[in-house]
Amino acid sequence: MSTIIEFKNVDKEYKSGEHILKAMDNVNFTIDKGEFVVILGPSGAGKSTLLNLLGGLDSVTSGQIIVNGNHVESFNDNQLTEYRAKNVGFIFQFYNLIPNLTAIENVELMKDIVDVDIDGLSVLDSVGLGNHADQFPAQLSGGEQQRVSIARAVAKQPTMLLCDEPTGALDSKTGVLILNLLQDMSNNRNTTVIIVTHNAILAEAADKVIRIKNGQIESIAVNENPMKVTDLDW
Amino acid sequence: MLFKKMLRDIAKHKAQFISIFLMAFLGVFVFAGVGGESVGLEVNSNNFYEDTNLADGWIYSANISDLFLDQIDCLGATTQMERQVVVDSVGDFDNDPDITLHFVENNTISKFHLIEGKELDINDGGGVWLDKSFADAKGLKVGDNITFEFENYTIEKEIKGIGYSPEYVYHASSSSIIPDFNKIGFAYLSHKAFPADAVPYNVLNIKFDGNPESYDELLDYHMGGYYSSFVERSEHTSVGQFADEIDQHKMMGDIFPVVFILIAMLILLTTMRRIITHQRTQIGILKACGFKNYSIILHYLSYGFWLVLTGSILGLILGPMVLPPLFYPSMSANYKLPSWDSAWSMNFVYVAALMVIMSLAVSFYSVKGISDEKPADTIRPKVPKVSSSGFIEKLGLWKHLSFNIRWNYRDTKRNKFRALMTIVGVMGCSALLVCAFGMYDGMNDLKEWEYTQINHYDSKLVIEEDAAQSQIDDIASKVNGDEIMEGSIEIESGSAKKSGSLLVLNETDLITPTDYDRNSVEIKDDEVSISEKMAKMLDVGVGDTVRWHIMGSDKWIDTKIDKIHADPVSQGFIMSADKLKDLDLNYTPTAIITSDHVTEDYNGVKAANSMNNMTSSWDELTESMWLLIYILIFFASLLAVVVLYNLGLLSFTEIEREIATLKVLGFKTGALRKLLLTQNLWFTAIGFVLGLPVGYYILAIMWESSGDSFYILPSISPINFLITMVITFALSILVNLMFSRKIKKLDMVESLKGVE
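Residue numbers (our numbering), protein chains in the order written: chain A, 2 to 235; chain B, 3 to 758.
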């Protein structure tokens with residue numbers, strides 16, 4: 002497998018007045034194409050910072066982030082926007098669907114930002130929501146909304162799916178369904194999936210587990226035989 | 003504690019609250035200011051009229067005998083009367099000024115108001131009491147002598163007093179609308195000063211009970227035929243003109259504040275709704291802590307209350323202090339009153355109070371819904387509104403619409419309130435702009451129409467009253483000009499009676515009567531044409547017969563109307579000299595018009611006015627109107643910016659999260675700006691279109707209130723229509739640009755961190 006994401010000596014500092022907070026301290030890791038990666042850590046460890054840097058929502062203080070051979074850390078605002086549009090599929094804890102658009106419209110919205118022909122209905126079918134295509138987010142349950150958001154993220158065929166606590170707002174049963182769907186995306190479609198969570202159980206289902214603490218990498222472990230999400234002991 | 007919270011909230015939303023404060027202040031400021039001015043004028047003039055016992059009416063007759071007096075006295079309604087001889091004289095100065103002399107019998111009605119010298123003494127035949135404006139213009143003082151010539155008399159009198167007269171608050175000569183106090187004046191004298199044994203009284207000042215119409219009827223019934231005309235107070239040139247002026251000011255003073263106050267309420271409403279939506283969970287927490295419902299409501303009511311209250315009070319104090327002194331100097335140049343003070347009316351307080359109450363109602367309306375909810379519900383975020391698919395979505399077309407259009411359509415559907423507010427705001431703006439530019443066009447149009455299209459001579463020589471016809475003919479041939487006759491008339495039809503003007507023309511190509519569309523109207527030698535506005539006021543048309551007489555003559559004539567012409571500034575009849583003679587009236591030319599530029603001073607000519615003089619005095623008269631138009635344009639633009647910015651901000655905050663999401667998903671700032679712009683443009687377009695008829699309507703009211711002699715119909719030129727449109731849309735885009743910085747700076751991470 003080939004490396005598509007690489008963090009090299011990444012530092013991230015936040016200044017608030019005189020005080021400097023080191024949110025990312027010399028972080029190094031690589032992720033291969035198609036990997037199902039789980040980033041674990043307690044709250045405040047720097048998980049979200051890592052995700053924001055990788056997703057192009059924030060820029061590094063020093064170090065390099067190389068995605069598909071491009072140096073993301075050197076991108077300007079416009080390039081970052083372009084990068085997010087082409088490479089990153091975000092999945093948020095609170096779904097962040099556009100409330101004014103129906104499920105299918107939320108998915109087909111991606112046509113406006115990438116040059117990919119999207120068949121909204123078949124994408125929705127792939128997350129099992131083909132029959133809810135014309136409903137508005139407010140008419141869908143949380144799990145269904147999250148599935149629409151996954152459909153929206155995968156529709157543009159991004160390099161990676163970045164999931165920030167994707168099951169945080171869902172009950173555990175629905176959460177498993179969502180995680181299963183994400184694992185399928187990785188296994189069957191060879192999509193790189195990166196999930197940030199504080200739920201350690203998920204580690205056993207991951208191809209790679211990156212644990213962070215106080216802004217530093219604590220450990221990186223590769224699972225030779227990851228379990229199916231559905232087989233985990235929730 | 004809650005008070006502290008309020009102050010911090012206000013500081014946080016300062017743009018909105020400053021707007022609310024400003025609009026509340028401006029609303030009351032303008033209302034109380036212009037009100038203070040116009041009420042001041044009214045109070046000052048009424049006091050003046052009261053103090054000097056201004057006549058309720060004037061009866062004009064060639065000779066008012068003692069018998070005539072007895073007969074008038076027998077009309078039950080008459081309470082007081084006094085005879086005068088009113089004659090036009092020429093003062094002995096280089097420029098031959100016109101001085102109207104009043105030889106009064108008692109000085110009990112329309113009394114001379116003394117400023118310096120001694121009071122008018124009815125037994126003093128050697129004194130004259132002179133017009134202050136004229137005395138100032140000529141540098142005359144008490145004790146100086148002054149000589150007048152009239153008819154065949156020359157009299158020299160000593161100036162005993164200088165002052166004002168209630169009949170001369172407005173005093174302009176027939177040749178100019180702007181008073182030139184170097185050229186005109188009036189003087190009061192005792193009847194004993196009249197240089198003949200028999201005093202030929204020709205005006206009877208009357209005070210009477212009851213309304214003027216019934217007095218007029220009574221007079222007509224009993225005395226019809228024995229007098230030439232009766233003028234009631236409101237028709238008197240000076241009184242009427244000044245009252246018209248006050249009315250116009252009042253009109254402006256009413257329209258502006260209504261707009262400001264509505265805007266203040268609009269912003270208050272939207273801001274409060276926004277704050278309350280934002281603080282929904284806070285309200286829940288307050289409730290959970292045990293705050294009573296009414297104290298929460300009171301808390302939110304207090305935001306607008308304090309601001310509107312302080313704004314109103316400040317406006318109440320500053321308005322009457324600041325605005326009247328701005329208007330009075332230009333007013334006192336044209337009108338003569340002994341005192342110019344602003345006045346106070348309880349109406350100002352009522353309006354301010356009404357506004358405060360409205361603000362409470364508006365705030366209450368915004369907070370009511372939330373205070374009714376259970377704390378447990380309020381503490382949780384509001385359940386999002388469910389969109390539904392309407393028929394538009396069912397059309398096949400929907401799927402082909404861009405995301406931009408779909409998103410905006412749905413967003414509008416979900417936020418109808420916000421949409422409505424924006425549309426109303428833009429509507430107000432475009433209505434004011436249409437009104438301002440319409441006035442601009444109207445004023446220009448009127449000038450062009452009157453001074454280029456109808457009257458296209460270069461000079462107008464006003465002939466002295468005693469000039470002989472041969473002398474007039476002589477001058478006319480020397481200057482290569484045409485003779486015309488102008489006069490004042492009174493026209494009656496059914497129950498309506500209006501004073502107007504008479505224009506008698508010979509064959510001339512220097513005056514072209516036109517219709518409203520500026521096509522020339524040919525009035526044949528045997529035809530009488532009535533002006534369109536006069537026809538409307540009297541409710542008559544071609545073929546109808548009206549009764550009329552020349553002012554100062556008691557000969558009433560029935561005349562059939564043959565044509566209708568239109569004129570922007572004078573309403574009445576146009577006919578030929580032959581027609582006038584046919585009607586058995588004397589043709590006495592009053593002016594000569596010529597295309598030559600006449601500078602020479604001919605004997606028998608009172609004044610030579612060039613077209614340039616006339617247009618520049620027109621410009622002078624309309625100066626304050628122009629100021630008003632600029633103010634209107636300024637405030638309309640301000641209004642648009644305030645409304646669009648506030649509502650833009652409101653909508654931006656509401657959809658901040660969505661915008662952040664779209665930004666995260668990879669939408670470019672430009673695309674997002676376009677998203678917001680699209681909505682702005684839709685609302686602007688709708689508001690603009692709706693504003694047009696509203697502006698047109700306000701314009702119509704404004705022209706309507708400009709007085710009986712003006713005839714302008716509301717209209718706006720294509721170029722100014724375009725400018726109005728450009729301004730409205732440019733402001734909309736400008737406001738949008740203010741938001742593009744916000745989009746750029748929008749912190750994506752923060753916006754996505756879970757719901758507040």
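Hints listed in this document are in silico derivations from the structure and should not be mistaken for laboratory results. Please note: incorrect hints may appear among the correct ones.
27 Å max Cα-Cα, derived DSSO-like pairs, lysine-lysine [said to hold, decoys possible]:
#, chain 1, residue 1, chain 2, residue 2
1, A, Lys-87, B, Lys-538
2, A, Lys-87, B, Lys-744
3, B, Lys-480, B, Lys-500
4, A, Lys-87, B, Lys-746
Notebook entry, point to check: Out of the numbered hints, which ones does the structure contradict?
Noted result: Hints 1 and 3 not satisfied by this model.
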